[in-house]
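Q: Spelled out from the first residue to the last, the chains are:
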Amino acid sequence: MSARRRGGARWAARALVALQGLCVLAPLAVVVLWSVTASWPWPALLPESWSARGIEELFGPGRDTGSVLAGSIALALACALLTTVVATLAARALSRYRFRGREAVRFAVLLPFLIPSTVFAMGVQVAFLRAGLAGTAAGVVLAHAIVALPYAALIMMDALDAVGTRLEEQARLCGAGAVRTWIHVTVPLLLPAMLSAASMAYIMSFSQYFITLLIGAGKVKTLALVMFPYLSSGDRTIASAYGVVFLGATLLVFFLFEVLLRKRTAQEIDYFEG
Amino acid sequence: MAHDALALRRARRALAPYLLLAPALVLVAVFLFGVVNGLLQGFGIMPFLGMTTFTLDYWAQVLTRPDLVESVGFSLYLALVSSLMALLGGIGLAAALVAVRQTRLAALIDVQIPLMCAHILVVLFMVSLFAGSGLVPRILSGLGLVQGPADFPSIVGAPSGWGIIAVYVWKEVPFVAFCTVTLMDHVSDRFGEAAATAGASPVRAFLSVTLPLCRGALAKAFLVVFAFAFGAYEVPFLLGPTLPKALPVLAYLEFQNPDILNRCVAMALNGVMAVVTSAAAIGYFAVLKREGRAR
Amino acid sequence: MKVEVRDLTLALGERKRDRRAVLREVSFSVPDGAFVSLLGESGAGKSTVLKVIAGILLQDSGAVLFDGRCVDGLPPHRRDLGFVFQDVRLFPHMTVAENVAYPLRMRGVGRRERTARAAELLERVQLPGFGPREPRTLSGGQAQRVALARALAARPAALLMDEPFSGLDESLRDDMRSLVLRLQREEGCTTLMVTHDASEALMMSDRVVALDGGAVAQAAPPEELFARPATAKIAACFGDCSVLEGQVRQGIFHLAEVRLPAPGVPDGAARAVVRHGRCAAAEDARRAVAGGAAAVGIGSVDAAGECQAGPGAIPPALAGEGAPLGADALVAAGKAMVRCNVYAGATYLARLDCAGQTLTVPVPAPLTPGETVPVAVAPDGCFVFPA
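Residue numbers (this note's numbering), protein chains in the order written: chain A, 18 to 291; chain B, 42 to 336; chain C, 116 to 502.
Simulated from the structure, these hints should not be mistaken for laboratory data.
A quick note: this is a predicted structure, and the numbers were derived from the prediction, not measured.
Just to be clear, a hint being listed does not mean it is correct.
Said to hold, decoys possible - Label pairs and their computed distance ranges (CB to CB):
1) 63/B to 64/A: 51 to 59 Å
2) 281/C to 252/B: 33 to 41 Å
3) 56/A to 223/B: 42 to 50 Å
4) 235/B to 392/C: 24 to 32 Å
As the list claims (entries may be wrong) - Only some residues are given here: those of chain B computed to face chain A with a beta carbon under 10 Å:
5) 107
6) 118
7) 214
Think of the CB as a built atom: it goes at the ideal place given N, C-alpha and C, for glycine as much as any other residue.
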């Protein structure tokens, strides 16, 4: 009786996981289809004819999609680097040390989770203008890093808590100073987490629209900015082509990080568990 | 002498966390500066224009404008419905992933890919699925439920904002699952068997043991989703109706107005937004505190 | 190198109000080349002492001295110590050889030399050829031996070990203990080991420092610690004993109808520790009494506080076969009711009821539950302390 019930729950769970997979993959597939569609008359379930028009128009002569894409990736990578470094240092302070104001700082670091970035972006715009940061890539990277910080900090705090201080202590006792402990032990152990924090920050930066719009002041163009007007109206093929390029750029870098990550974790995880 | 050496080491240890935090504090300071600066502008304080007198005029103007209540109501509605649905869906998804002993592939497709997709990309997804020429109306028409593209309720500009909610749900269900699945896996691993031997069915065990133990993580995820859905601009701008406008859309409209004084109005609107999201932040802080005490 | 700590005091706790004294004026020294154990139950502060000596924790007051020189200003990596943790702590991203050679690398030793030393040490911990392996492929015992090799690699001035064997299976511990002792002798390395296992401390150390509640309860050679424990906790820490709470009156411990010698213990509430191997009941005890052994409370307690066992202190009957112990020291100690028996292999253990408390006595055959039997104890296996 109870075995049957358990079996039922297992099947329901499997169905739910499959359904979610369908909900995720179906729109992806539709967008990919649209991006290479020449015509898709109502109410056919599949396009009638195909063409590379979308991609050609994006990267054709007179269009700067290629350089915008490269710029977006560079910007997002810069943001990932900055955010990861800052988050790693901060998470180290928050998870290793007990100091006055620790809870307040922890909360402050997570605050961009909760106060909308629209409020922040509109409020800071003038200050960025006057500081000469508006309309510069540096300003945009800084603003993106602020929004990505809580994600990266959470990942790093969890990782530091999991790794603990054991091996760092051991390195110190083996005669390694603070710097060499950091290089030989801490960074190698935290690398997987740093890669996921970086990948998260990359995605955050690559996806930003509103902040880039306000801080970039029209001078910093990212793919999100360029594709925005096409999204809800206009030429579906062009919009989908942008969507595919956008998705591709996200997935590519994500899998790049993921491959680097696998290489490391495969050999280490079980040691910690055991 | 030896005592001094000890004191020196102690001082260095006391200083270390602040040094490590310095870069993050700079970022946080810029963030807070932006928020506070914006809020001050809502009170008419714009030193760069020589305006330094505190006034409640803009707030009064904002609070009495006829479209405010509707805007706030619309944004609250969007945020609440989206975050509640995301919470329920996220719990279900996380539980399902735990129950099937989530494989790497399932986690990748069900959680990680949606996490990676930008909100604006999800707008495109939903439009491709649900707009008049989208896949879902085509399927419905194949089933004879819909006659033509115009019969299907429009996803863009619908007063119910269902398109916006669809985007948030698609995006945030996996987010809630992401925030809780590790903990849930751990909890059900540790206590699931104990609950089962105590005679609880899987569903009862989940409701009476796993869920209460994941309460903190769920509350935090819910609040983050709520605050985001309440304050984000892109999705309601792209998919929202002309009236009522979501609060961030209304604020940015005022912000863009060539008359610089409208900025103060925009900032007062942002102030309203900040008040609501601050409530979420306080809730979040309370959860953090409780977790800190429990530990 | 001689390691010495003086008046170490340390309170830990995140906020002021939940600060808790972990160490209270701890002082002791480890002579050059000696093996000293820090013995105590969990929470006694023994690992904390070790971490203060290593420089990982900073004491509130007091000093750590190496060869008379204060090292409080030195960070952990400049103290020239080897450290073995209970949880091994091999670097998972380095090979076994790299782990062992790591302290040498930190001291600027060239690659060739450190490879050679690592190989030599691996051989000495009976892991020849393990150099290229990854730590995760090692068993618990192997990993701990690598950790030991690493701790000794750079010929540290002192070796600190924090419960190095408690993560290992019982069967491995003895081998590891011998290995550690042999290496310690060969290297002549001053060693301080933390343990909660009293017999381990007895077997391995030149000297034992017993900690209780963050303070030194006794510091003595192992023989003295065993024969003349300073506190009830130390007396009881060797296991196989009964702990009884009762009253002392005029040098005699009373609990129900049990009497134990308590020479020199002031009147009032007291705690007695009776070692299993040093007491007898029923027939054994009866024979002792019949043989003329004094009964506690009947036999005299002399002015010097030494318990005099009376004229027939050596009961001949007990010296023969069937006697559970060297009967020379047995004295009659009243009587108690048998509650039950348990089988313990070589003997049975009779649980005797003393006003609700339990006195456990080894007996050759089970006793009848409910029967009241005489009890005898050897004064050298019976310790009474004011509660």
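Q: All hints, please: hold or fail.
A: Here's how the hints hold up against the structure:
Restraint check, residue 63/B to residue 64/A: a C-beta distance of roughly 55 Å satisfies the suggested window 51 to 59 Å. Checked against the hint of 33 to 41 Å, the C-beta distance between residue 281/C and residue 252/B comes to roughly 38 Å, which is consistent with it. Checked against the hint of 42 to 50 Å, the C-beta distance between residue 56/A and residue 223/B comes to roughly 46 Å, which is consistent with it. Checking the proposed 24 to 32 Å range against residue 235/B and residue 392/C shows it is violated: the Cβ atoms sit about 41 Å from each other.
Because the beta carbon of residue 107/B sits about 22 Å from the nearest beta carbon in chain A, more than 10 Å, this interface hint is broken. At a threshold of 10 Å, the smallest CB-CB gap from residue 118/B to chain A is about 16 Å, leaving the interface hint violated. Annotation: residue 214/B was flagged as interfacial toward chain A, and the flag holds, the nearest CB pair being 7 Å apart, inside 10 Å.
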